[in-house]
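Peer 1: Going line by line, the protein sequences match chains A and B. First residue of the first sequence? That's 997 in this note's numbering, and the numbers climb one at a time after it. First residue of the second sequence? That's 909 in this note's numbering, and the numbers climb one at a time after it.
Hints may be right or wrong, so weigh each one.
Unchecked claim - Residues on chain A that point at chain B, a partial pick, calculated with CB under 7 Å:
{"#": "1", "residue": "P1079"}
{"#": "2", "residue": "R1084"}
{"#": "3", "residue": "M1089"}
{"#": "4", "residue": "G1090"}
{"#": "5", "residue": "Q1092"}
{"#": "6", "residue": "V1284"}
{"#": "7", "residue": "A1398"}
Worth flagging that the hints you see were computed from the coordinates, not collected in a lab. Bear in mind that the values here come from a model prediction, so they are computed numbers and not experimental data. Ideal Cβ placement from N, Cα and C applies to all residues, glycine included.
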Amino acid sequence: MSYENDPKSPYYIDNRARVAAIQASMKARGLDLYLGSRPRTLSWVLDAFCPWRSYLAIPRSGDPVVFTFIVDSTRLADETWLPLDNVRAYAPMGGQDQVSVISAYVTEELGLSGGRIGAETGLSVYTPEGNLSKYEWDALEAALPGFALENAHELVDELQLVKDPGTMARFREASRMVDEGQKAARAALEGGGWKGMTETEIAGIGALAMRRAGSVSEWNFAGLNEISSGYRTALGACTPPTNRVFQAGEPLMLDFHSMFKLALGDYSHNYLIGPASKTLRRHADNFVDLVDTVLKAYRAGRTPSDMASVMSARAEALGCADYVYPGCEHGIGLFGDEWRIGARNDGPFPYWTDPDHVYRKDEMLICAMQYAAPADSVGFRYENPIIIGEGGCEWLSKFPLAIEEIA
Amino acid sequence: MGELFGYLDADWTAEARKRLAEALDPEKMNGITTSMADIYEACPDGRMRWMFVRCEGGRLASFEVGEGEAPEAEFRILGSYETFAAISRGELGSQKALMTGKLKLKGNMAKALRLAPLADRINKVLSTIPAKY
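The shape of chain A in the complex, shown without the other chains:
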């Protein structure tokens, strides 16, 4: 497959315009080079899947150069828009290690003898964030005397917040695929199909349906398709599926992930395997009400703390505030761009979502809500990518919001 990006396609992204925007920010900040290492930066600029440690060197003008692990360099060159000569490999060979190829590019190819290099570092709850390590930072500074590295990731993060039409179209398509997975899972579960079925099996059924619909990956670092059943639904966070067999009278959470042109589908749906007790039904009704309340409240001008208040107030009114996790969203962008919301570190806790970030039109986030009542062995999760609008939001997964009883 070669890189395809037809300007008439709904999925078109003007990659050179993205580079130009970064270069304008570099100029404003006085940077001579930007060195991206996080997957979110690589995806956004290369418009290609880049899973191995890679370094994207963006000069003040002209096309960037990417250095990636040698085994993947030819594939990456085939899938990115960058010209072949701009996709380079690093390897354990003389003059070809990571630091040598980057420093040679800076000094010999760009002809720079000193200046300021913007790099990416920080703190993340997401393990594969891709921040430059201390070793890399020190080694590059040692190899490039006369240059100073400085943390400049916010320059790229700011540009990634508001999504362009091509990116939003890709996300809509990824969500269509994830809905196909949920439909297939529901069909497999109903009519007693759940009997004898395991978490891993339903994860695979969903994955197959999404792949058939065009998804290329279940992408999620926390276990691909995250599944929990029974008491495990109340354990909270992220869960790769286990071989646990479904039982009558217990909850089931299906959190499916799809990927289309680096855009991420992420939709969590919940069921009660019948017969459901009144207690389970009450928890389920509370959760659906909460999600519905929150989804209807998102719009431009709102902030994360504002939305948390909306959720808390409704939970209090429903009498389920003790079961609701704080916060109702996480960030989302092309592959690797997940978690915090906001670009700058001016919130109260560095590298966490800025509670006072003011949502703008065409920003995207995952409406993410978690409910856990361990004493009743029940929990639920809702996740759905949404696009912020002036008067509301567009939720991308169209799977009906409900917690149905599956017989």
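Keeping the supplied structure of chain A fixed, place chain B upon it in accordance with the hints.
Peer 2: This is chain B only, laid out in the frame that chain A set:
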């Protein structure tokens, strides 16, 4: 034992040019167009030398040896005279020399990867030249 050529001297260069032109099959060379300069550091006389190879359409277009600034080339390989001599004698593979850091490559490794077998074919031809080092 037949005639021994002085490694990198004019006669050796002429012999190398002749053998490469005869041995390199454009088809087996994948019709490649590229150039490569080997930079010999610390030659026995203390000087630096270079060996320049250019292929066009898989055929040998230029093969030169000289001193001073090497011609512009798509790839530059830097190493000691001893390392290059060992490669030309067939005692050391160029890939092993790169992997052990005895040679340093300047150029796009992603492209060099595709050219490595072709460079090996050139070295194999050079290793057939009886030479004194």
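Peer 1: So, for every hint listed, does it hold in this structure?
Peer 2: Taking the hints in turn, this is what the structure says about them:
1. P1079: 11 Å, violated
2. R1084: Holds, about 5 Å.
3. M1089: 4 Å, holds
4. G1090: Hint on G1090 (chain A): holds, closest Cβ of chain B at ~4 Å, below 7 Å.
5. Q1092: Hint holds; Q1092 (chain A) Cβ to chain B Cβ min 5 Å, cut 7 Å.
6. V1284: Since chain B brings no Cβ nearer than about 52 Å to V1284 (chain A), farther than 7 Å, the hint is violated.
7. A1398: 50 Å, violated
In this structure, the earlier hints numbered 1, 6 and 7 are contradicted, and the remaining ones agree with it.
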